[in-house]
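> Now that you have both chains on their own, put them together as the hints suggest.
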Amino acid sequence: MDLITLWFWLIALTFTLYFFLEGFDFGVDILRPFLAKTEAEERALVGTIGPFWDGNEVWAIAAAGVMFSTFPVWYGTLFSGLYPVFVIILLSLLMRGVSFEYRNQVDQPRWRAFWDWMSFLGSLLPSFFWGLTMAKLIEGLPVNAEERVVGGFLDVFTPFSVVGGLATLLLFMLHGANFLLLRLHTDTVLYTRARAAALFWGALATVAILAFVVMGYVTEGLFNSFGVGPWLFPLAAGLTLGSIWFGLTTRRDVFAFLMSSLTIVFSIVTIFIALYTRQIVLPSTLDAAFNLGLRESASQPYTLRLMTWVGGIFLPLIIGYQIWNYYVFRERVRPDEGGLNKGYD
Amino acid sequence: MDFDVLGLSRFQFASTSIFHFFFVSLTVGLAFLIAVMEGIAYFRKDKAHIYSNMTNFFGHLFLINFAVGVVTGIVQEFQFGMNWSQYSKFVGNIFGVPLALEVLMAFFLESTFIALWWFGKDRLRPVVRLASIWLVAIGTQISAFWIVLANGWMHRPVGYEVVGDQAFLTDFSAVVFNYKAWLYFLHVQGSAWTVAAFLVLGISAYHLLRRQDVEVFSRSLRIGLVFGAIGTVFSATSGHRAAQVARYDQPMKFAAMEAQWETSTSPAPWSAVAIINESERRNDFNVEIPYLGSLLAYNRPVGNYEGMIPLQEQYEEQYGPGNYIPPVTWVYWNFRIMVGLGVILLLAAFGGVYLWWRKRGGLNDTRWYLRLLLLTIPMPWIANFCGWITTEMGRQPFMVYGLLTTSQGVSANSFGEVFVGLVGLWVVYLALIGLDIYLLTVTARAGVHHKPEAQMVAAPAPNYAGEGFQEYDRRN
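Quick mapping for you: the protein sequence lines, in order, are chains A and B.
The opening residue of the first sequence carries number 464 in the working numbering; numbering runs sequentially from there.
The opening residue of the second sequence carries number 28 in the working numbering; numbering runs sequentially from there.
Bear in mind the hints are in silico, worked out from the structure with no lab data behind them.
Treat each hint with caution, since some may be false.
To be clear about the criterion: a stretch of chain A counts as covered by chain B if any three or more of its residues have a C-beta under 8 Å from a C-beta of chain B, and this derived list gives those stretches [unchecked claim]:
(1) 487–494
(2) 504–518
(3) 539–546
(4) 622–632
(5) 765–772
Don't be surprised by glycine CBs; every beta carbon is placed ideally from N, CA and C.
Next comes chain B alone, as it looks inside the complex (with noise of 0.2 Å):
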């Protein structure tokens, strides 16, 4: 990537995505499984006690990152404008809709309901609270569709109409059904449902392994392997499936995923290994296993798929000149990462949830797997990141999938005031993610009954006794 203003763009957008994306997949997958804890605190009187313990445990865990996901969102928004408004303008009429929605239908909920719950302990009547969090919750689903619902449109543009120097929005139900959208929407939420199951899962780990709070953190492990075994299942299959679907809808992504230069044979190989040369356009080294690469893109062993060569010819004829392959490198390589990372996931959520069965009460004391749970904390992130580089990557040279290249929609900007604020947003992102990691960690170890000196702070003290707040008496 040339250090342009365009590749210094990219490099920003990239990066404040990625950032964002850290704190925000804990976000959304932590709202729902604290809404269920919350649940269960309200619904088990007789344990009301260690479920609310445990809301209170990692809510504060939620808070300390959701103030993160929230400002870092502010940055995600804006550099549309800043970073690529020739892109902005050219689709300001599509891609802003999802975008308004999103802030309209999500973020008002989520950052509303949020003070409510927390701070509105003694406040409010518990069924009240319940609610709270779970609009939150909600809140963060509908804030992950409308924008995934968005990046799917970019991947594969439906109902539209271009008009002059603009795309013209035609159909809106088109938009909101796109089958690329939802295939994303399922794996990104899926995805977030394991980052957050395995951090309970890792957290409650630690404290067994210390035989701290046992009550509380044995339940937490099971919710989180509940919340681990579908959230790895959604991400598994959603994650297939959309492969497959970019063999027919991205063919070049898909060659790229897999390093394809000329078309398979059929039944197709898979690669499993590869050295790949980018520039004389073969690889120098791959290990294949037969027909695997037919099951993965059909489900069936046969049937072929093409090349990255005669893609090429082809988006030649349909584009014009140019290059169309994308940094094939980078997208074999992060496929594979997150497939491997993915497979691992997996089995360690049901193998959790094998054990459970198998060995009951005994779960709480089988130490190696506890102690493989610690393990698995980053790996969630790790997967992540490296599907997102796949998927955004593998599109490239395009940004509009076959409309709008990435270099058309740059902003004008000069390279001093890119290089600059790029530079800034580096700091503060590092510094951030540091804390938040810092922090989390902190409060993770601290355990149950930790409460730091002061949380932030509510509106403090209603001290006009006997007005109607002791009504509201917190029932544990």
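This is chain A alone, in the form it adopts within the complex (with noise of 0.2 Å):
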């Protein structure tokens, strides 16, 4: 494997562990409103995520910055071009990181109401305009000969990119219930609301997803490259999902949330596999001629091998950390009375 390829799998690897990770913080913020009936629940549901969400944003940050550094025309053309998605993208993650700490500062409930709109609203367009993202990547944009992108904010809305949006949107509300089901209570009435949801939003993820798969093949192509060998991808992706509602009903929670954490890789595998197998970052919907190329788009040797030392270094070590930030936050939370504070003194 030469360093561009390698490069181009890593840039897969920060994208699919930032939609790992931060699909179930996003998917945990998103089914706020509809699980927590009282502040109590509201704080323990924040807090199955307050040590994590922000170790886990910085993955969206790694992905750009990565892609950056080793692809820049490629990051150059798809920010550019998606520049009212970004912008949107951008001002609701803003408001969504501070309102984890504003959100208690002030004792009021008309206070805490709005930020919890806003770790809503922030949780609930991004997870929407990053999967939109995803499949404009395999849709392609605008392209034209100078490798910049024409064409305004409507046209990213197609079919596609929406039904895209929406699978996004619905299994991460699956994959947050699933983890909510590992960070709550098992006796706690918030757990038994939580499976509920998992099993609810779960079957709308399935359809969407199916729906997007289908309108990938007859309409985008999306499978047209792929030989024998790549296909087990997408089949793995609709076996894991599947089998979710098998963990669910069966009270398996740890390989419910498994198989929601490896339907998100495995979706994410496939769209990369799909731009891998055609050679093409981002296809041009004016002209095949003018289709951002995989090696074309790649910075030169020298950058990529200091680029390969340092991802060599740091990811192990960062994962690493992590996977202990998760052990030592590992207990259950549960919506009682002593527990909430105990984070302060």
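This is the structure in structure tokens:
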């Protein structure tokens, strides 16, 4: 494997880790208004992701940063081409990121309600628009001969990209509900509600993902370049998605969470396989001649070698201490008295 | 500045950077101060409760600010691709590397260990918590290093080769040991320490004036003084050197900082106040102090420096026709405000150290000095903004000095989308900065024993009794 291929897959890895990790903390925040009936429950739900969301979010910055250094042309064209989409994502993340810290600073129900809305919208919008961005990677953008994207904001909404966004959003909700099953005390009413939510949103997610796959197959030629081998990945994604239902109904929480994680992993891998087998990182909808090629968009070997050293040292280290972080805060959360303020003294 | 896509993009970049730096300069400095406080709390067992109260109090302020620093940082990174895609494509090979290094070496470290430090109070051994806050502090410095290194490269590109329409990296060690970047780093670092030190000083003074929690705040006042003295000296010396360096590697910026249109005499005077007439390329009014110009530029009372008019001719020969004179009034005045505030802060810090030495415990009761400290709180921030405006505007029209102009780097976005994006960002930024200041003020005023009714909730209560968490009882 040469360095361009390696870095293409490392970008896939950072995006995968981002969707897997922030997927569940987005999901928890989107489900919060549906699950929490009291202030204590509200706080318990925030508490399930409190020490993690920040570290999870950095994977988005890592994905963009790694893309910038190893595929500058891809990074520049995609990020300027989807300008309004990224503005929405950024504004959402801005408001959401501070909501955790700010919501408990002023003791007023209205103040808290405002920040709860911000973290709800701040998770809902990025989930949808990150999914839309992934769909756009497959579908392509109107890239012209100067590697610039033409067209306005409304052009990004196509049936395929909207279904992609919805599928991602619903999958995150399912993933978040599964995460809650691992993080909440099993004898609480919140836990019961989270299970019901997982079954309900999971069913919708399955429909949306199937629609996305069918549309990808029929209209986008998503799988045209797939040989027999790569087909294993979308099939695996389908299987893992289906088995979540089995995990939930037989009360195997760890299994269910593992399966929703794998569904996300296999879905992202499928998208990147589609790009890789075509050797195109961003198709042009104007003319195939303007497609951004995988090799032409990459940095030169010296930069890639340097990044390989850096990535080789730091990526395992980061993954290591993030796992430790999850281990330290592994105990389950319960929304009753005494425990909620324990983080602060 | 014309309000076309280029103008809007520049305005957008400047506002994002300045808003981001408002939060980040405090984070970078305060992380270190808190790490030191926590270190003292760990090693001075007899005074542990005082110092852990102190770290909790300032740690709370730190967290309020940290969250906004993180989220504005995402905008900072994404905007290169969004607004400056041509720039990104041109220099991504080089500029992307320090940026990626920043994320991999620093951002993950900070965001993970800040959670472990704050929420791990009842779960981690004290020594692990101490290590966590030190890792956060180190992470913030690493982060500052790489981003300033990237910025320094734009001011003095080294270790590259232009092939076709892209700049390629040829020598990464040249990029890392770029002297310009190191000067900028020391300067930014010094000013970040100054921001944090004067915030700690001001808050400590506020409580000492009211004689609240004297035990805690008299000590934080002294820690603040040490950091303030170090920070101001670092900013002043590295800033002085950075200006001297600009004289030979960015002569146009240096001339603009001094509003020097024609080449100066030797010894050169220093302009203290000038009314600048940019359209006619001269100063309508100028108060000059003899010899000082040479002294500042060369550390000796002789030597001249080039003016903007001859430099303009020189640049035209070198880079082709165009206007290479930056917005002189902006550069000149921002530079002077920065230096003026820097001098005041330096005097304030060393005045405090002197009082401490002369009066010992009496420093807590020197009311005029404590009142003065309250006034100094915003000054380092203002000086920072002025400094960034000076150095970034002074570089115009270049984005990468001598290689790429700002207008060549901009994305081909439509006016409408950039405008709407800019308005959205401003609304959110203004709200965040207002909330940040409001919450910092409320929390700072409430003092040590104030507990917000519920802090950001971590994984609450380990509720299974006797499973090993008791052994990590907090020491105090």
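> List, from low to high, the hint numbers that the structure doesn't satisfy.
1 and 4
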